[in-house]
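Novice: Spelled out, the chains give:
2 protein chains.
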Amino acid sequence: MKLLLLAALLLATVPTFAQKAKPTENLVQYAKPLVGTARMGHTYPGATVPFGMVQLSPDTDTLSYEQNGKYNPRVYEYCAGYQYADKTIVGFSHTHFSGTGHSDLGDFLLMPTTGPLQLNPGTADQPERGFRSRFSHQNEVAEPAYYRVKLDDHNIVAELTASNRVGMHQYTFPQSEQAHIILDLTAGIYNYPDKNVWTFVRVENDTLVTGYRQTHGWARTRTEYFAMSFSKPFVSYGSRNLSKKQVYRGFWGRFDQTKNFPELAGEQLRLFFDFKTTAGEKVKVKMALSGVSTEGALRNMRAEVPGWDFEAVKRAGQALWQQELSKVVVESPKRVDKENFYTAMYHAALSPTTYMDVDGQYRGLDQNIHKAEGFTNYTSFSLWDTYRALHPLYNLLQPKRNADMVQSMLAHFDQSTMHMLPIWSHYANENWCMIGYHSVPVIVDAVLKGVVPADQAQRALDACVTTAHQQRYDGIGLYEQLGYVPEDKSGASVSKTLEYAYDDWCIAQLARKLGKTDIEAEFSKRAQNWQNVYDARINFMRPRLADGSFRPRFDVLSTHDQGFIEGNAWNYSLYVPQDPAALIAKMGGEKKFLPHLDSLFTMHLPDKFFAETEDITRDGIIGNYVHGNEPAHHVAYLYNWTSQPYQTQARVRMILPKMYRPTPDGLGGNDDCGQMSAWYIFSALGFYPVAPGSPEYALGSPAVYGATINLENGNAFRITVKNQSDRNVYVKEARLNGQKLTRPFLQYADVVKGGELVFTMAGKP
Amino acid sequence: MKLLLLAALLLATVPTFAQKAKPTENLVQYAKPLVGTARMGHTYPGATVPFGMVQLSPDTDTLSYEQNGKYNPRVYEYCAGYQYADKTIVGFSHTHFSGTGHSDLGDFLLMPTTGPLQLNPGTADQPERGFRSRFSHQNEVAEPAYYRVKLDDHNIVAELTASNRVGMHQYTFPQSEQAHIILDLTAGIYNYPDKNVWTFVRVENDTLVTGYRQTHGWARTRTEYFAMSFSKPFVSYGSRNLSKKQVYRGFWGRFDQTKNFPELAGEQLRLFFDFKTTAGEKVKVKMALSGVSTEGALRNMRAEVPGWDFEAVKRAGQALWQQELSKVVVESPKRVDKENFYTAMYHAALSPTTYMDVDGQYRGLDQNIHKAEGFTNYTSFSLWDTYRALHPLYNLLQPKRNADMVQSMLAHFDQSTMHMLPIWSHYANENWCMIGYHSVPVIVDAVLKGVVPADQAQRALDACVTTAHQQRYDGIGLYEQLGYVPEDKSGASVSKTLEYAYDDWCIAQLARKLGKTDIEAEFSKRAQNWQNVYDARINFMRPRLADGSFRPRFDVLSTHDQGFIEGNAWNYSLYVPQDPAALIAKMGGEKKFLPHLDSLFTMHLPDKFFAETEDITRDGIIGNYVHGNEPAHHVAYLYNWTSQPYQTQARVRMILPKMYRPTPDGLGGNDDCGQMSAWYIFSALGFYPVAPGSPEYALGSPAVYGATINLENGNAFRITVKNQSDRNVYVKEARLNGQKLTRPFLQYADVVKGGELVFTMAGKP
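Protein chains in written order, with the UniProt record's numbering: chain A, 1 to 765; chain B, 1 to 765.
These are calculated hints, taken from the structure and not from any lab test. Fair warning: this is a prediction, and the values are worked out from it, not measured in the lab. Be aware that a few hints might be false.
Because identical chains cannot be distinguished in the list, a pair is counted as satisfied if it fits within a single copy or across any two copies.
Claimed, not checked - Taking lysine to any residue and the SDA-like style, the derived pairs with C-alpha atoms no more than 20 Å apart in a straight line are:
| hint | residue 1 | residue 2 |
| --- | --- | --- |
| 1 | Lys371 | Asp359 |
| 2 | Lys259 | His419 |
| 3 | Lys371 | Glu295 |
| 4 | Lys371 | Gln361 |
| 5 | Lys764 | Asn728 |
| 6 | Lys513 | Ala749 |
| 7 | Lys732 | Ala372 |
| 8 | Lys525 | Gly483 |
| 9 | Lys232 | Lys753 |
| 10 | Lys284 | Glu177 |
| 11 | Lys259 | Gln470 |
| 12 | Lys722 | Leu741 |
| 13 | Lys232 | Ser176 |
| 14 | Lys489 | Phe261 |
| 15 | Lys489 | Arg254 |
| 16 | Lys525 | Gln323 |
| 17 | Lys259 | Asp561 |
| 18 | Lys489 | Gln257 |
My request is simple: use the sequences and hints to build the entire structure.
Specialist: Right, dumping it as structure tokens:
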């Protein structure tokens, strides 16, 4: 009863929208958390709610970053802790990035076991030597907010669900005099040498344990707090400290700290809790998180999951997912389409994640505790990826959340000693991952689209301008001086120059809107800097040196040390999203540009180039078009700036089924916090935001048979697709509210005021 | 102007008392912070205010706990970071225990230098190889709240002062193009291997730096935060991370983190700040501390020392000391008497230390942030030492503070997973140092004397009883079962039995007061347990085994493995403070007891026994009476329970000048957070609290020529000494308010209501 009330409250905090076209269908059934868990998708199959703080998921391995003193390349496979091909599960941890190309997290690994206590995890080959267990996909169920698996070695069925800040476990034990639940605080994803800085545990009573885990690594100084409650008192407990770094023992000898001692601290702690169980007995565990304190974690637990009704928590979580997924109701006769679409919708609503306690407190970049006034604070902004389509998607489907994300970025800016907006915001840390200052397009796009309150516009502009003037950051000083980043001073210089130029264009747009003509002029000029790295002799973007010359050594196919990052010259040279027409002109006009673009999709890429890119599979490449990484995500839409938009339509319809399948190995590359999925959602609906910061989308070719976008403002935007089929990939005609569109573009403003877009499809251009 | 206002505010927060006998004399001149800095006093000479959070003091060495993988015994000399015999100063750190026999702290070592930057400290033999400097005691001044020294190698005069939570440095530089201020976060006192857990620094701007240092060791999980402000912008800054445990560098290569990079973290950081100085230029630094956060530290700085007037901060600090010292105004024709007395008063007002920010927030045992409602939270309770005379002294001289200390202990109890009052409360940690549960006598004494509000009495009793029932703690389970702690199960068993029995007697007194007859009966019975370790065959307390037998192997002179801690059987067997008369009876009555007690003071102790005790000097022993440790502190007063109280008088007057001299080597042992000094104060005034929890003091022989105790309640208690001289050590007569005392005892109640005690002295008993 209490829990139902809670679920209602949770629902109430979600952005409301008039449920006009209220779906009768259960959409949760189509979202498949296992998609992307094989090979390079880097997704996790466990339980979470939309944008939740808790991602409670099985880890099939948690490899050490180093093996025998050397970097272990296989660690890369375990960014999300789970690989579908694995045969064993080590345990269930509570935090996971979704789809990243680097990782961290994996906090507070729990594992239920039976039999003699084993405190080491064992190995994948010999799980019986430790607490891990074999499992089979036959005994595995993964749904939004729910995961179940049978742990064969222990004869335990483990079920997981979650609220925003609380992970809930339900373990069905056999009869056992020796049942245990392990809490492994040494476990973590991407374990650097000595990644644990410190752990701290208090056994408050025989059902409640609190503590924290402090790590360094990708996030330099990260502390995650927990409060863990058992549904049944443990009969005994204990720990091992695996580190040489021990607490002071001069006066501690009087206590046996390994058994029933309630106040533990150390670098490498593993704990166990002992139970006696009857056959079929369910022992439940609630693990509440907080970035603030154990007190905060306990408060989160009491607020979100005060009781022990596992099914109710699961129902509440799936209700949140139904609400989230039903923001777009698509039609298709094929289940695979719905599975692809709602799996994409699911992956596009996993991160950024809530990083704030129920009372509004959160940890800031300065490691102080701040209060979020009037917004929800989020973390895990993988902005180099997500500025492209994910945040633009949020402007459409959940402007309220995106506005809060912008507030989170501005708070980060306020707390930054570098006076910069986030590059990769990571649990009260800046990890400086990837390039550019892509908070800028996210913020500018949100402000210009009216998603961010107008009274925040000047503050937003100030933060963008200050960030773009941070001369000590990644070549900006030279960029300002030379008009490009010189490769001999700062690697990946072409990528940086191109992306800075685009970000600068965004700043100019916002400055224009606010009438700041000097800023507009300055950044409009900077937006032209892409021209400075264009080598007209070869028609490619090319690294330039500080002396002004282009670097002689140059390979347009390689992604390695050619002035680019996660892309080669072929893909990156097309990156002028702020002005494709100018790029086309620069490249010699349509006559030269079109065959060039065609060959990107059709050329043969020699094998050696595949090996260079670690975060995509071979499937993630079509010809030389790399969809598994982001720099070319807009490229299929560039035909819209030529006389052959139909080619965009064909390319998009080819990419969609090739790159997205509702199977564990169905993603062609890292999902990258939802960017890959956001590309799917837009493209399947028939349009794409080529240049966030611009008011328009480029039209493509819808893959669905119809869709209704239920907007937060209460309006609905209807997409009707006539004569749709797998072969009819060409748009014969598109009518907006009855008016035929003369250009292959759609205005954001037209979508959000509601209306209807009717595509009429054809089998020929 | 602002600062003067602040000083007034600070004064206003100190317990007020009517300044009846307002002293015209400057008492601060008599307090000598250098006393005890040679040999085993373990005091520090630096700047602090009464009970201040900051103890800003020079460290002459900060030895590592280990040398070549072995314990370095010399580390023990550096409990307070300073040894008078040393020739060099490493720097000035901000936290120091006073007089402890173990240590920690030494946070945030600052050192001003000139010349080429050196980031290692150098060695005592070759200071020129590092940043440390030679110095001379000729160029050194140490006063309460003020310290000055010339750093010869750098030609810099360093001056230090402090408010409660802010240390202030004033460095007078020579002309230099290469002036530096080093902030060494790797430095610390009693540096265990890898004692640093983590350090974190933000260079907020060119005058403000914030951060923290997190350590493990004596305190398992200790984090101290700072905010540091310079009076002059530095021109550049940088750091070295001396640990192999580095932050993630994948995306960090783009920054040179060693120079002008503002957001640092790591295990072993040393920072430097560069200046250009003119001849005689003063660069000032304010270092504010907090146990809560860097935000808290900054708030503390802004509240306590908003400006840059070094002299005003010093004046305010010394005004606090004058107020503190003038609580007892003594008379003596000899300066040495006043120096001894006010140095003792000074040392008795250093700890417990404030552990709370200006806004009342403090870190609790659970590492959560708590708010102290209506009290000041204190830490560093070295209770095994200080329950004896220091807290009883506070009941007399500053009941308000002692009430707050009791509140701090009760808050600790509330936060303890062991459900115990503090044993050794240490910056949001329990370090379990030493034995007994001596929060109990502190609390009981304060409650029974009306110092703690009556509405807290029941809460206090509950905490005491719960603590005394914690069977898992240090033999209590067996103690409850057998009536003594068996040596074969728990070492130092006799000491524990004796001290538990005394603590239990205290609980019984409080229970009686509250009419809890069952508790009174239970603990009165436990209070008799001292009898269970008394071996009547040899007339000594003696370790007993679990089978009931006394341990055959036994040496009454050794302190090593004889069932005692910091004392031998000779000293400890006299420890029944709750009932000396019963002890004397047990030992065969006065006829046997008196010669026994005499021989304690006169016997010859073979050399080998001196070597056993590391924390006292040979001077700390008279015969076999060990004054340098605490267990015998009441012993000289035991003659009062015989027909020869005059012997108490003679012994006390012998001990006083022998154990206390106003010179660096003037303390015969560790000052132990003020317990040794509190013994001096009481004894010099002519009485001593043999059994805290009892309403009376035992009279001794006053060493002063007269004294006025200015009580917080506005009353004054006058001690007049007639016919005083070094030879007239015997009390011929004592009259309280004109009434001749017939017993050698004085009631606490008679003192606090004000009045006059007149001693008439004589040269013979």
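Novice: Each hint should be assessed against the structure and marked as holding or not.
Specialist: Hints versus structure:
1. When the C-alpha separation of Lys371 and Asp359 is checked against a cutoff of 20 Å, the pair qualifies both within a copy, at 8 Å, and between copies, at 17 Å.
2. In the homo-oligomer, the alpha carbons of Lys259 and His419 lie at most 20 Å apart only across protomers (17 Å), although the nearest pairing inside one protomer, at 48 Å, exceeds that limit.
3. Taking CA atoms no more than 20 Å apart as the test, Lys371 paired with Glu295 passes in both settings, with 15 Å inside one copy and 13 Å between copies.
4. In this assembly of identical chains, Lys371 and Gln361 lie within 20 Å of each other by CA distance both inside one copy and across copies; the values are 4 Å within and 16 Å between.
5. In this homomeric assembly, Lys764 and Asn728 come within 20 Å of each other (Cα to Cα) only inside a single copy, at 7 Å, whereas the closest approach across copies is 123 Å.
6. In this assembly of identical chains, Lys513 and Ala749 lie within 20 Å of each other by CA distance solely inside one copy; the values are 16 Å within and 79 Å between copies.
7. In this assembly of identical chains, the alpha carbons of Lys732 and Ala372 never lie at most 20 Å apart, being 49 Å within a copy and 73 Å across copies at closest.
8. Taking identical chains as interchangeable, the C-alpha atoms of Lys525 and Gly483 lie at most 20 Å apart only when both belong to the same chain, with a minimum of 9 Å there against 88 Å between chains.
9. Proximity of Lys232 to Lys753 under the C-alpha cut-off of 20 Å is found in neither arrangement, the shortest distances being 53 Å within a copy and 57 Å between copies.
10. Proximity of Lys284 to Glu177 under the C-alpha cut-off of 20 Å is restricted to the intra-copy arrangement: shortest distance 17 Å within a copy versus 67 Å between copies.
11. Proximity of Lys259 and Gln470 under a CA criterion of 20 Å is satisfied inter-copy only: 16 Å between copies versus 53 Å inside one chain copy.
12. Taking identical chains as interchangeable, the C-alpha atoms of Lys722 and Leu741 lie at most 20 Å apart only when both belong to the same chain, with a minimum of 16 Å there against 113 Å between chains.
13. Proximity of Lys232 and Ser176 under a CA criterion of 20 Å is satisfied intra-copy only: 15 Å inside one chain copy versus 69 Å between copies.
14. In this assembly of identical chains, the alpha carbons of Lys489 and Phe261 lie at most 20 Å apart only when taken from different copies (18 Å versus 56 Å within one copy).
15. Taking CA atoms no more than 20 Å apart as the test, Lys489 paired with Arg254 passes between copies only; the shortest distance there is 10 Å, against 60 Å inside one copy.
16. In this assembly of identical chains, Lys525 and Gln323 lie within 20 Å of each other by CA distance neither inside one copy nor across copies; the values are 44 Å within and 68 Å between.
17. For the identical chains of this complex, Lys259 and Asp561 are neighbours neither inside a copy (54 Å) nor across copies (27 Å), given an alpha-carbon limit of 20 Å.
18. Only between protomers do Lys489 and Gln257 lie at most 20 Å apart by alpha-carbon distance; the minimum there is 17 Å, versus 54 Å within a single protomer.
Hints 7, 9, 16 and 17 from the earlier list are contradicted by this structure; the remaining hints agree with it.
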